[in-house]
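Quick note, the sequences are listed as chains A and B, same order.
Mapped onto my numbering, the consecutive letters of the first sequence carry residue numbers 625 to 655.
Mapped onto my numbering, the consecutive letters of the second sequence carry residue numbers -17 to 439.
These are calculated hints, taken from the structure and not from any lab test.
Heads up, the beta-carbon is just placed ideally off N, CA and C, and yes, glycines get one too.
Treat the hints with care, as some may be off.
For the chain A half of the interface with chain B, some residues (derived, Cβ under 7 Å), not all of them [stated by the list, open to error]:
id	residue
1	THR631
2	ALA634
3	VAL637
4	ALA644
5	ALA645
Label-pair restraints from in silico Cβ distances [said to hold, decoys possible]:
id	chain 1	residue 1	chain 2	residue 2	range
6	A	VAL636	B	VAL169	29 to 39 Å
7	B	PHE98	A	GLY654	16 to 26 Å
8	A	THR631	B	TRP115	36 to 46 Å
9	A	THR631	B	VAL28	49 to 59 Å
10	B	TYR422	A	VAL636	14 to 24 Å
11	A	GLY654	B	ASP279	52 to 62 Å
12	B	SER412	A	GLY654	51 to 61 Å
Rough simulated footprint, nothing fancy, chain A against chain B, three-plus residues with beta-carbon under 8 Å [to be verified]:
id	segment
13	20 to 34
14	79 to 91
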Amino acid sequence: MRQRYSTLVALVVGLLVVLAAVVFAGFQSGW
Amino acid sequence: MANGTTKAKRRPSRRQQGRSTVTIQGAGWLLVYVGLVVLPLALLLVGPVPPGREFLRELSVSLAFAGTAILVLQFALTARFRRIKAPYGIDLVYHFHREISFVALSLLVSHPVMLFIVNPRLLALLNPLTAPWRATFGLIALVTLLAIVLTSVLRKRFRIKYEAWRHLHGILALVAVGLAIAHIEGVGYYVNTPWKRVLWIAYPALWAGLLLYMSVLRPWWLARRPWVVREVRPERGATWTMVLEAQGHPGVSFSPGQFAWLTLDESPFMRREHPFSFSSSATERGRVAFTIKEAGDFTSRIKDVQPGTRVFLDGAYGHFSIDRHKAPAYVFVAGGIGITPLLGTLRTMAERGDQRPVLLIDVNRDWEEITFREELAALEERLHLTVVHVLTRPSPEWTAPSGRFNAAMLLDLLPDDFRERDYFICGPGSLMDMAEKTLYDAGIHFRQVHSERFDLV
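Next comes chain A alone, as it looks inside the complex (with noise of 0.2 Å):
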């Protein structure tokens, strides 16, 4: 359960990774 509550955490971290990715992606595009 521990080790599933941060595979989680480490999903989640890694989702938010991704979104600034997409963000600064956007944001150079010209989105």
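Mind docking chain B on chain A? Use the hints.
Relative to the frame of chain A, chain B by itself:
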């Protein structure tokens, strides 16, 4: 549920307050982590920014920057900073280190893939003979990263020894990050001002410096606080207790259930350390004991260790402690050598005169193999302790619980106040999985269930 609602209206107990502080600390460090990943990416948009290109190409680049930032922070996650690890427990931080590496790998692999989708002619960059060096650096960095992940996930299948893997892991990590930075600097599109250039060199260097701290500064500190083996004595079940005494320093302060990294008869600079739980009482700092079962290359050598051998001890670590998780009563579940941290806990409780009720379920193969059997019986007299032995291969005359330890057996053994108790589980992975699942299914909150695992690679 009704019960839960009534509880929520009450003033939170001290125990609940302690837990929420830990949760806030945990969430705080997580925010810091996300910030540290995203910040170097955001800073690329400060000052003169190069002209934007098509979305997919920009996304490919930003994902790669984010992936590299995660990679760089991997050094920080394994640097054994007690403060950062405290809210989670060291095993969870290592687990996060492992899981987030898959995220970084996906982000970094998607970088060239997206570029190839935007412009298939870029596939030519995969040929190192014709590609510019900056592209080849990126390619090798990616291959190295893949090698890091594969050698970690499949270490046992590849039969790589732990110590060799650990050195390999550090070296490959430095190579991968170094080449990734060379690739970024070589392409230079976003690091278009001197300060951005410096940022993307200094930032990785800062975190990689932690590896230096761990491999030079920390060992130097440990070398000045040596320990010496006083005694190695056999216990039941192919197990040995090694007693250490501090030499010229007051020793180590630890909580019951915690563990330390031991380096035996070698310079701490070799970094051939192994984690072991303290089995002695936490009330004594200068003389400590570790109980070790013969299982691998290193542990089977313990019995041959001579008194007088120098040992270096890095500790204490771990959250698997009743001092960290305070409860009115406990259930301990031990499988085989998993008894070690729990015996240390019981010994500490005895020294402290702690009379909180404890049920210990101790699962072993047979009666003769039960490590600390006699001492557990003696502790039952001194503490408010009940020991239940479960034997998986008992002799015919054994009448108490026996057979494969399963959910029904565990539920059957739980005391009436089982919802109020905290649970400490230590043993083989399958036992811990079963016990954790059974307890959650029985309605125990996961924060009441504590376990520690070290079979990550």
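Beta-carbon spacing of A/VAL636 to B/VAL169 - inside the hinted bounds 29 to 39 Å or not: 30 Å, holds
Cβ separation of A/THR631 and B/VAL28, checked against the hinted range 49 to 59 Å: 34 Å, violated
Coverage of the segment 20 to 34 of chain B by chain A, judged on three or more residues with CB within 8 Å: holds (count 7)
Cβ distance range 16 to 26 Å for B/PHE98 and A/GLY654, holds or violated: 23 Å, holds
Chain B contact restraint for A/ALA645 - C-beta distance below 7 Å: Given a least distance of 4 Å, the restraint on A/ALA645 holds.
Beta-carbon spacing of B/TYR422 to A/VAL636 - inside the hinted bounds 14 to 24 Å or not: Roughly 21 Å apart at Cβ, these two residues keep to the hinted range, so it holds.
Closest C-beta approach of A/ALA644 to chain B relative to 7 Å, hint status: 5 Å, holds
Restraint check, 7 Å cut-off on beta carbons, for A/THR631 near chain B: Holds, because the Cβ-Cβ distance from A/THR631 to chain B comes to roughly 5 Å (cut-off 7 Å).
Proximity test - 8 Å, beta-carbon atoms, the segment 79 to 91 of chain B to chain A, at least three hits: holds (count 6)
Range hint compliance [Cβ, B/SER412 to A/GLY654, 51 to 61 Å]: The hinted range 51 to 61 Å holds for B/SER412 and A/GLY654, with Cβ atoms some 55 Å apart.
Status of the hint placing A/ALA634 at chain B (closest C-beta pair under 7 Å): 4 Å, holds
CB-CB spacing for B/TRP115 and A/THR631 relative to the 36 to 46 Å hint: 37 Å, holds
In summary, the one numbered hint that this structure violates is 9.
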